[in-house]
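Trainee: These protein sequence lines are chains A and B, in that order. The first sequence begins at 16 in our numbering and counts up one residue at a time. The second sequence begins at 13 in our numbering and counts up one residue at a time.
Please keep in mind that the hints were generated in silico from the structure rather than gathered at the bench. Possibly wrong hints are sitting among the right ones.
[Unchecked claim] Pair by pair, the computed Cβ-Cβ distance ranges are:
#	chain 1	residue 1	chain 2	residue 2	range
1	B	163	A	158	32 to 38 angstroms
2	B	276	A	119	39 to 45 angstroms
3	B	132	A	134	40 to 46 angstroms
All values derive from a computational prediction rather than experimental measurement. Heads up, the beta-carbon is just placed ideally off N, CA and C, and yes, glycines get one too.
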Amino acid sequence: MTDEPLFRVTSLSKYYGSRVGCEDITFDLWPGEVLAVVGESGSGKTTLLNCMSTRLMPTSGTAAYRMRDGTWRDLYRMSEAERRFLMRTDWGFVHQNPADGLRMTVSAGANVGERLMAVGDRHYGNIRSTAIDWLGRVEIGEDRIDDQPRAFSGGMRQRLQIARNLVTGPRLVFMDEPTGGLDVSVQARLLDLLRGLVTDLGLAAIVVTHDLAVARLLSQRMMVMKDGRVVETGLTDRVLDDPRAPYTQLLVSSILQV
Amino acid sequence: MNIQATDIATYNFAYLDEQTKRMIRRAILKGIAIPGYQVPFASREMPMPYGWGTGGVQVTASIIGPDDILKVIDQGADDTTNAVSIRAFFKKVADVAVTTETEKATIIQTRHRIPEAPLHAGQVLVYQVPIPEPLRFLEPRETETRKMHALEEYGLMHVKLYEDIARHGHIATTYAYPVKVEGRYVMDPSPTPKFDNPKMNMSPALQLFGAGREKRIYAVPPFTKVVSLDFEDHPFEIQKFDQPCALCGAEQVYLDEVILDDKGGHMFVCSDTDHCEKRREDGHRGHMAPENESRASPSSSAGPSPRKDGEEEAPTLTPPSPRPLRGEGKGEGQHQTFEKSREAE
Numbered sequence: 016m017t018d019e020p021l022f023r024v025t026s027l028s029k030y031y032g033s034r035v036g037c038e039d040i041t042f043d044l045w046p047g048e049v050l051a052v053v054g055e056s057g058s059g060k061t062t063l064l065n066c067m068s069t070r071l072m073p074t075s076g077t078a079a080y081r082m083r084d085g086t087w088r089d090l091y092r093m094s095e096a097e098r099r100f101l102m103r104t105d106w107g108f109v110h111q112n113p114a115d116g117l118r119m120t121v122s123a124g125a126n127v128g129e130r131l132m133a134v135g136d137r138h139y140g141n142i143r144s145t146a147i148d149w150l151g152r153v154e155i156g157e158d159r160i161d162d163q164p165r166a167f168s169g170g171m172r173q174r175l176q177i178a179r180n181l182v183t184g185p186r187l188v189f190m191d192e193p194t195g196g197l198d199v200s201v202q203a204r205l206l207d208l209l210r211g212l213v214t215d216l217g218l219a220a221i222v223v224t225h226d227l228a229v230a231r232l233l234s235q236r237m238m239v240m241k242d243g244r245v246v247e248t249g250l251t252d253r254v255l256d257d258p259r260a261p262y263t264q265l266l267v268s269s270i271l272q273v
Numbered sequence: 013m014n015i016q017a018t019d020i021a022t023y024n025f026a027y028l029d030e031q032t033k034r035m036i037r038r039a040i041l042k043g044i045a046i047p048g049y050q051v052p053f054a055s056r057e058m059p060m061p062y063g064w065g066t067g068g069v070q071v072t073a074s075i076i077g078p079d080d081i082l083k084v085i086d087q088g089a090d091d092t093t094n095a096v097s098i099r100a101f102f103k104k105v106a107d108v109a110v111t112t113e114t115e116k117a118t119i120i121q122t123r124h125r126i127p128e129a130p131l132h133a134g135q136v137l138v139y140q141v142p143i144p145e146p147l148r149f150l151e152p153r154e155t156e157t158r159k160m161h162a163l164e165e166y167g168l169m170h171v172k173l174y175e176d177i178a179r180h181g182h183i184a185t186t187y188a189y190p191v192k193v194e195g196r197y198v199m200d201p202s203p204t205p206k207f208d209n210p211k212m213n214m215s216p217a218l219q220l221f222g223a224g225r226e227k228r229i230y231a232v233p234p235f236t237k238v239v240s241l242d243f244e245d246h247p248f249e250i251q252k253f254d255q256p257c258a259l260c261g262a263e264q265v266y267l268d269e270v271i272l273d274d275k276g277g278h279m280f281v282c283s284d285t286d287h288c289e290k291r292r293e294d295g296h297r298g299h300m301a302p303e304n305e306s307r308a309s310p311s312s313s314a315g316p317s318p319r320k321d322g323e324e325e326a327p328t329l330t331p332p333s334p335r336p337l338r339g340e341g342k343g344e345g346q347h348q349t350f351e352k353s354r355e356a357e
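All chains, full assembly: derive it from the sequences and hints.
Mentor: Following this line, the structure appears as structure tokens:
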């Protein structure tokens, strides 16, 4: 880790009319750090994520990103072309529903290769071998490369989506409930895989989840949101073992014990 | 515009009213200024169904003048339903000379072929386009595809070619093969066979594309670079035929397969009927050409049927009725101005 953050959010707010989406969010994210944003549904997690990933324009506040050349850029002042380029090279976005993040009607190989072709790779052989390599890393067999994601199970689709996002070697990945809707054994393997990839590649990630177990496994730092505001923030273990805000205490004590 | 006081309904020269033609010409000029860019235009209802060339007919109607000579082809042939009706339409509403000879035509409206004979400067090729958006089947949202064109995000186009190779081992797209125009816009060359793609590159003729249902016009000005997309290790290739035309013996031309009977009999003949007939008049013979024919007239009824000879004389036909009204004053003036600007191209 370096001394300088990778991503910096300053008093970010988003209002839907008079309703609050999220309000006055401020934090820094360092390279290689995984930050979990937790809270119940309707607490503004996804609004915050969409604002940070420029899929949504905030009402006020700024978000800055340190580019590969070390310069800081204000995300909301970048041109759309630059933003979209950033999103498909240096960033990744893993949707809760893999169908939103994948092209369901083209093969798995093309799904992984699309980002490469978008940045100008024009050699079929290279694209294909990179795709095979990435499918292997996310535990999808090479023989499935020409199958469409429609023929994949939920867990496989999610892994394919992750491969598609990571193929250009991004530095920052946004994840929206990456394990939502998967059964527990599949969830466990996916988390294992994600943890491995994040450590191996030194990715920074912002993971939005309502599942505290996912947050504990993946993240180093945690932000608890309620009604659009951050109620508590700190190291994941500290927040979960010694919750201070009343709402966090409620949240932690609500975890079902098996 | 002076309308004669008659009981029968009449219409303007070349069917469309002058304001509509102005609007379409404006779209055409914009299209020429930005090669390959799809210009939206207010497409009109035409007296034919969508899919029959309403876009091409509107473009032709907007650029045609009384001195133009029109040729219409449908899949290369001058004698199929679509070509015959559109030719008859303009003969009737614009009283223009028509021809089937590529060489003599000033405007060639085409459905899915580029003539084999090289085009020359001053000619205009008008394409009928069903779906102008090359990215459509990969990205259904129009807002998104327009953004992709604007930002030059064409990675998706290669995804389609990748899929072809992954599935078939080679690029299996044979028509509507995507091209990049002048290094900027990716364009659908309408469903012409990819055999014709190289002819679009640096063509001396002006190429205009009209999509009536989708309400788009785009253009490739003369001498513009048109490059077919491909991969470094799977370069673009045109179709190859392992036998020459059965009627005229031509090689290196695009051939149609014609079924002769229900016992598997078939022949390959030139898709460009004008080219084929010219060659036979020059004495070229394919292996299935009739022995004793003197002029273009293959005896086989299953082969491409010959044109009625009457059509050749079309330029001297008597004026059709109802008599088309010629625009006067302002309208006429605009028309001539446009003609001049087109000749200057």
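Trainee: Evaluate each hint against the coordinates.
Mentor: Okay, the hints, checked on the actual structure:
no.: 1; hint: B:163 with A:158: 32 to 38 angstroms; result: holds (36 angstroms)
no.: 2; hint: B:276 with A:119: 39 to 45 angstroms; result: holds (41 angstroms)
no.: 3; hint: B:132 with A:134: 40 to 46 angstroms; result: holds (41 angstroms)
In the structure shown, no violation is registered for any of the earlier numbered hints.
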